[in-house]
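Asks: For reference, the chains in residue letters:
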Amino acid sequence: MTTPGASGAVAVSDAVFVRRTPAPDLAPPFASTGWIGWVRANLFATPFNAVLTVFTVLLLAWIVPPTVRFLVIDAVWTGTDREACLASAQHPHLGACWAFVTEYRSYFTYGSYPIDQRWRVDVFFALLAFGIAWVLWIDAPRRGLGALYFFAVLPVVSFFLLYGLPPLGLEIVDTARWGGALVTVVVASVGIAVSLPLGILLALGRRSSMPAVKFLSVIFIEFVRGVPLITVLFMASVMLPLFLPPAWSPDKLIRALVGVALFSSAYMAEVVRGGLQAIPKGQWEAAAALGLGYWQALRFIVLPQALRISIPNIVNSYVALFKDTTLVFFVGIFDFLKTIEVARVDPVWATPVTSTTGYAFAAVVYFICCYSMSRYASGIERRLAVSERR
Amino acid sequence: MMTPGAASGPPKAPLLRDPRFRSLVTQVALCVLLAAVVWLLVEAARANLARTNVASGFGFWNVTAGFDISQTLIDYSSSSSTYGRAFWVGLLNTLLVAAIGIVLATIVGFTIGIAQLSTNWLVARLAVGYVQLVRNVPLLLQLLFWYNAVLKALPDFRDSVRLPGGGYLNNRGLFLPGLDLGGAGPFVFCALLAGIAVVAALVMLARRGRIGALTATALSVLAVLGLPLAAFLVAGGTASLVYPQMSRFNLYGGIEVLPEFVALVAGLVVYTGAFIAETVRAGLLAVPRGQTEAALALGLSRGVVLWRVVIPQAMRVITPPLTNQYLNLTKNSSLAVAIGYPDLVQIFTGTVLNQTGQAVEIVAITMAVYLAISLTTAVLMNVYNARVALTER
Numbered sequence: 001m002t003t004p005g006a007s008g009a010v011a012v013s014d015a016v017f018v019r020r021t022p023a024p025d026l027a028p029p030f031a032s033t034g035w036i037g038w039v040r041a042n043l044f045a046t047p048f049n050a051v052l053t054v055f056t057v058l059l060l061a062w063i064v065p066p067t068v069r070f071l072v073i074d075a076v077w078t079g080t081d082r083e084a085c086l087a088s089a090q091h092p093h094l095g096a097c098w099a100f101v102t103e104y105r106s107y108f109t110y111g112s113y114p115i116d117q118r119w120r121v122d123v124f125f126a127l128l129a130f131g132i133a134w135v136l137w138i139d140a141p142r143r144g145l146g147a148l149y150f151f152a153v154l155p156v157v158s159f160f161l162l163y164g165l166p167p168l169g170l171e172i173v174d175t176a177r178w179g180g181a182l183v184t185v186v187v188a189s190v191g192i193a194v195s196l197p198l199g200i201l202l203a204l205g206r207r208s209s210m211p212a213v214k215f216l217s218v219i220f221i222e223f224v225r226g227v228p229l230i231t232v233l234f235m236a237s238v239m240l241p242l243f244l245p246p247a248w249s250p251d252k253l254i255r256a257l258v259g260v261a262l263f264s265s266a267y268m269a270e271v272v273r274g275g276l277q278a279i280p281k282g283q284w285e286a287a288a289a290l291g292l293g294y295w296q297a298l299r300f301i302v303l304p305q306a307l308r309i310s311i312p313n314i315v316n317s318y319v320a321l322f323k324d325t326t327l328v329f330f331v332g333i334f335d336f337l338k339t340i341e342v343a344r345v346d347p348v349w350a351t352p353v354t355s356t357t358g359y360a361f362a363a364v365v366y367f368i369c370c371y372s373m374s375r376y377a378s379g380i381e382r383r384l385a386v387s388e389r390r
Numbered sequence: 001m002m003t004p005g006a007a008s009g010p011p012k013a014p015l016l017r018d019p020r021f022r023s024l025v026t027q028v029a030l031c032v033l034l035a036a037v038v039w040l041l042v043e044a045a046r047a048n049l050a051r052t053n054v055a056s057g058f059g060f061w062n063v064t065a066g067f068d069i070s071q072t073l074i075d076y077s078s079s080s081s082t083y084g085r086a087f088w089v090g091l092l093n094t095l096l097v098a099a100i101g102i103v104l105a106t107i108v109g110f111t112i113g114i115a116q117l118s119t120n121w122l123v124a125r126l127a128v129g130y131v132q133l134v135r136n137v138p139l140l141l142q143l144l145f146w147y148n149a150v151l152k153a154l155p156d157f158r159d160s161v162r163l164p165g166g167g168y169l170n171n172r173g174l175f176l177p178g179l180d181l182g183g184a185g186p187f188v189f190c191a192l193l194a195g196i197a198v199v200a201a202l203v204m205l206a207r208r209g210r211i212g213a214l215t216a217t218a219l220s221v222l223a224v225l226g227l228p229l230a231a232f233l234v235a236g237g238t239a240s241l242v243y244p245q246m247s248r249f250n251l252y253g254g255i256e257v258l259p260e261f262v263a264l265v266a267g268l269v270v271y272t273g274a275f276i277a278e279t280v281r282a283g284l285l286a287v288p289r290g291q292t293e294a295a296l297a298l299g300l301s302r303g304v305v306l307w308r309v310v311i312p313q314a315m316r317v318i319t320p321p322l323t324n325q326y327l328n329l330t331k332n333s334s335l336a337v338a339i340g341y342p343d344l345v346q347i348f349t350g351t352v353l354n355q356t357g358q359a360v361e362i363v364a365i366t367m368a369v370y371l372a373i374s375l376t377t378a379v380l381m382n383v384y385n386a387r388v389a390l391t392e393r
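Chains A and B, in that order, give the protein sequences.
Here the first sequence stands for residues 1 to 390, where the numbers follow the numbering used here.
Here the second sequence stands for residues 1 to 393, where the numbers follow the numbering used here.
Hints listed in this document are in silico derivations from the structure and should not be mistaken for laboratory results.
The beta-carbon is built from N, C-alpha and C at its ideal position, and this holds for glycine as well.
Just so you know, not all the hints are guaranteed correct.
As the list claims (entries may be wrong) - FRET-style restraints, in silico, Cβ to Cβ:
#: 1; chain 1: B; residue 1: 215; chain 2: A; residue 2: 50; range: 39 to 45 angstroms
#: 2; chain 1: B; residue 1: 50; chain 2: A; residue 2: 289; range: 57 to 63 angstroms
#: 3; chain 1: B; residue 1: 158; chain 2: A; residue 2: 54; range: 48 to 54 angstroms
#: 4; chain 1: A; residue 1: 168; chain 2: B; residue 2: 37; range: 30 to 36 angstroms
#: 5; chain 1: A; residue 1: 372; chain 2: B; residue 2: 321; range: 23 to 29 angstroms
#: 6; chain 1: A; residue 1: 296; chain 2: B; residue 2: 84; range: 31 to 37 angstroms
#: 7; chain 1: B; residue 1: 100; chain 2: A; residue 2: 69; range: 29 to 35 angstroms
#: 8; chain 1: A; residue 1: 172; chain 2: B; residue 2: 20; range: 50 to 56 angstroms
#: 9; chain 1: A; residue 1: 286; chain 2: B; residue 2: 22; range: 36 to 42 angstroms
Claimed, not checked - Beyond 12 angstroms from chain B on every Cβ pair, some chain A residues (computed):
#: 10; residue: 21
#: 11; residue: 36
#: 12; residue: 74
#: 13; residue: 81
#: 14; residue: 95
#: 15; residue: 148
#: 16; residue: 287
#: 17; residue: 302
#: 18; residue: 341
What the hints assert, rightly or not - Here chain A is said to cover these stretches of chain B; the calculated rule only asks that three of the stretch's residues, wherever they fall, bring their Cβ under 8 angstroms from a Cβ of chain A:
#: 19; segment: 190-199
#: 20; segment: 326-337
#: 21; segment: 350-363
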C-alpha cells in the first residue's frame with residue numbers, strides 16, 4: 001500500500017498512483033464458501049479427518065441400507081400367520097414382520113385385560129395424558145391444581161377405574177390379567193408419583209440436623225443405591241409375603257410396585273439433595289428472619305427454588321425409572337417387554353425375523369417415550385439457563 | 001409468647017417450643033416407631049417360617065448343590081460341590097463380566113465421547129446419534145436383542161463366521177485361540193500377579209519422588225513381562241497357541257466363550273459405553289477453552305493437546321461419574337439372569353433360592369455382596385478424589 005510515511009516529509013509526486021476509492025470486492029475463494037467450503041471445513045479439514053470421513057461413510061453404507069431394507073423395503077405389513085413373513089418366490093428377501101405386531105397390538109397394549117372392559121384402560125390413558133400435559137406444561141394455568149390432580153386425584157381414580165369398583169358397576173379385574181403397555185405405564189406412574197414426595201422427604205432427612213433422622217436416611221439411600229434393582233425386586237417379591245401376616249399378603253403387582261417405588265425414591269433423594277444444596281443458606285436465614293418456621297420456609301422459599309433447578313435431573317431420573325420398569329419382567333409380571341417376549345415365541349408367528357421385529361418395535365416405543373422425556377429435560381434446562389443469565 | 005427468663009441469660013422458651021427438646025422427641029419417636037415396625041415384621045416372619053416349615057440359618061451353605069453350571073472359573077462339580085462353592089462360582093463369573101465389560105466400555109466410551117466433540121461433522125453426528133439411541137432404550141431389551149436376535153441367529157458351527165486370527169463365531173459362542181503353557185500355567189499366572197503388585201509399589205515410590213518416572217516405567221515393563229517369562233522358563237513349560245479345531249460335532253480346543261457371555265458383554269459395553277461417552281463429553285467441555293487455545297498457540301498438535309493437556313485436566317471431572325458408571329455396569333450385570341448367563345444372581349438368587357427356599361438368607365447375602373463392592377469402590381473413590389482435587393488457596 002502507498003500510505004504516506006509517518007514523518008510526512010516525503011512528498012508524494014504526481015507520478016505515484018494513489019487509489020481514491022476502494023477496489024471492487026473479489027469473489028470469495030471458490031473452495032472456502034458454499035457447500036464445497038462447508039465440506040472442506042467440516043469433513044476434510046486435515047488428512048486424518050478425511051480418513052475418518054471415509055471410514056464413517058463406509059460404516060454407514062454398511063449399516064444403514066440393510067437396516068432400512070429390513071425395516072421398511074422388505075418388510076411385510078399385512079398377513080394372518082407366519083406364512084406371510086417367510087421367504088417365498090415373490091418375496092425372496094426376509095424383512096421385518098410388521099403383520100405380527102399388528103396382530104398382537106392389543107395384547108401389547110392391554111395384556112389379558114378382559115376385552116369388554118378395555119375401555120377402562122383407554123379412559124385411564126386419557127386421564128393420565130391430560131395430567132401429564134398439565135404438569136409438564138410450564139406456563140399452564142393453575143399448575144398447583146394440576147399437581148394435586150396428578151399426585152393425589154389421579155392415583156385414586158385410576159386404581160378404582162382399573163381394578164374395579166362393584167358399587168359403580170365396574171367389575172373387579174385381577175391384576176394378574178393386567179399386562180402390556182398398561183402395566184408399564186402403571187409401574188412407571190406409580191414410581192413417578194411416589195418417588196418424588198418420598199425422595200424429597202429422604203433428601204430432607206439426609207440434610208437434617210437430627211442425627212437419628214440423618215443416619216436412617218443415609219443408610220436407606222446408600223443401601224438401595226448400592227444394590228441392583230433386580231435384588232430389590234426379588235426382596236419385595238419373596239420377602240414381603242414373608243414379613244407380613246398371610247392375610248395381608250399383597251399381590252404380585254403391588255409387591256413389584258413397592259420395590260420400584262423404594263428403589264427410585266433413593267435415587268430421587270440424591271437428585272433433590274443436589275437441588276437443596278444449590279440453594280444458598282441466606283434463603284433459609286432470610287425466611288427465618290421473616291418469622292417462617294422450618295416447614296413454612298421449606299414450603300414457600302426453599303423447595304420451589306430447589307425443585308425448579310432440579311427439574312432436568314428429575315426428568316432424567318424418570319427416564320431411568322421408565323427403562324427400569326422392564327425389570328418387573330423378572331418377578332413374573334407381564335409388562336410391555338414381557339408381552340413381546342411371550343408373543344415372539346408364538347408358533348403361529350415363528351419365523352427367523354419374528355424376534356428381531358418384536359425387539360425393533362419395542363425399541364422404537366421405548367425410544368420415543370424416553371427420548372421425548374430427555375428432550376423435555378434439556379428444553380427446561382435451556383429455559384432455566386436463560387432465566388439465570390438475565 | 002415468650003416469658004422473659006427470671007435468671008440471667010437468654011429468655012427461655014417453653015419446653016414444647018424448645019428446638020432441642022422437639023428434635024429429641026422426634027428422634028426418639030422415630031426410633032421407637034421403627035423398632036416397633038421391625039419387631040412386628042420379624043414376629044410375622046417367624047410365624048410364617050414356622051408355618052411353612054422352611055429352615056433358617058446358613059446351614060445350606062455346606063449342602064451339596066447337585067446342579068450344573070455352564071461356566072466355572074474354579075473347580076466345581078454338581079455331584080460333590082456345595083451351595084457355598086456355587087456362590088463363589090457365581091461371584092467370580094459376575095466379577096469376570098464386570099472386569100472385561102469395564103475395560104471395553106471405557107475404550108468405547110472415551111472413543112465415542114471424544115468423537116462427539118470432533119470437528120468432523122459426520123463423526124460428531126454419528127457419535128451423538130449412537131449415544132441418543134442407546135441411552136434411550138432399556139438395557140434389558142438390548143440384552144435380549146443381542147442374545148435372541150443376534151447370537152442365536154448366528155449360523156450353525158459348521159458355517160461359523162471366521163474371525164481374523166483363527167477365531168470362530170457361531171450360535172454356540174465365540175471360539176478363540178488359547179495359549180497352552182503346559183504345566184507352567186499356574187506359575188506364570190502367579191508371577192503375573194506378583195508383577196502387578198511390583199508395579200503398584202513402583203507407582204507408589206514414583207509418586208513420592210523416590211525414583212524417576214522413566215525408571216519406574218522401565219521397571220514396571222520389566223516386572224510385568226519379565227516375571228512371568230522367568231517363571232515360565234524356570235518351570236520348564238512349553239508354549240503353544242491352540243487353535244479351535246472343527247470336528248464333526250463341535251469345535252474344540254482353544255478358549256470357548258459362552259454365547260450368553262458374549263451377549264452380556266456386548267450389551268453392557270454398548271449401553272455403558274454410551275453413558276461413559278456422555279461423562280467424557282461433559283468432562284472435556286469442563287476444561288476451559290483457553291487451555292486448548294494456549295496449547296495450540298505453543299505449537300502442539302491437536303492430538304498432543306487432547307492427550308497431554310485436555311484429558312488430564314478433564315479426568316478430574318470425569319473420574320467420579322466414571323466410577324459410578326463402573327458400579328452401574330457391575331450392578332447391571334445382574335440382568336444376566338434374563339439370558340441365562342450363570343452370574344451371582346442367576347446361580348444364587350435363582351437356582352439356589354429355588355432349591356432351598358431360604359429367601360431371607362440368600363437375598364441378604366446377594367445384597368451384601370453388591371453393597372460391599374459399591375462401598376469399597378466409594379471409599380477408594382474418595383481417597384482418589386482427595387488426591388486429585390485442586391488445592392485452592
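Asks: Work down the list of hints and note, for each, if the structure agrees.
Replies: Each hint tested on the structure:
1. B:215 x A:50: 39 to 45 angstroms: About 41 angstroms separates the Cβ atoms of residue 215 of chain B and residue 50 of chain A, which means 39 to 45 angstroms holds.
2. B:50 x A:289: 57 to 63 angstroms: Holds, at about 59 angstroms.
3. B:158 x A:54: 48 to 54 angstroms: For residue 158 of chain B and residue 54 of chain A the Cβ distance comes to about 36 angstroms; the hint is violated.
4. A:168 x B:37: 30 to 36 angstroms: holds (35 angstroms)
5. A:372 x B:321: 23 to 29 angstroms: For residue 321 of chain B against residue 372 of chain A, whose Cβ atoms are near 24 angstroms apart, the range 23 to 29 angstroms holds.
6. A:296 x B:84: 31 to 37 angstroms: Hint violated: Cβ distance 56 angstroms, outside 31 to 37 angstroms.
7. B:100 x A:69: 29 to 35 angstroms: holds (34 angstroms)
8. A:172 x B:20: 50 to 56 angstroms: holds (52 angstroms)
9. A:286 x B:22: 36 to 42 angstroms: The hint (36 to 42 angstroms, Cβ to Cβ) is violated, given that residue 286 of chain A and residue 22 of chain B are roughly 22 angstroms apart.
10. 21: holds (38 angstroms)
11. 36: Label holds. Min Cβ-Cβ 14 angstroms, cutoff 12 angstroms.
12. 74: holds (16 angstroms)
13. 81: Holds, since 21 angstroms exceeds 12 angstroms.
14. 95: At about 14 angstroms from chain B, residue 95 of chain A clears the 12 angstroms cut-off, so the statement holds.
15. 148: With a cut-off of 12 angstroms, residue 148 of chain A remains clear of chain B, as the shortest Cβ separation is near 27 angstroms.
16. 287: At about 15 angstroms from chain B, residue 287 of chain A clears the 12 angstroms cut-off, so the statement holds.
17. 302: holds (18 angstroms)
18. 341: violated (7 angstroms)
19. 190-199: violated (count 0)
20. 326-337: holds (count 5)
21. 350-363: holds (count 4)
In this structure, the hints that do not hold are numbers 3, 6, 9, 18, 19, in rising order.
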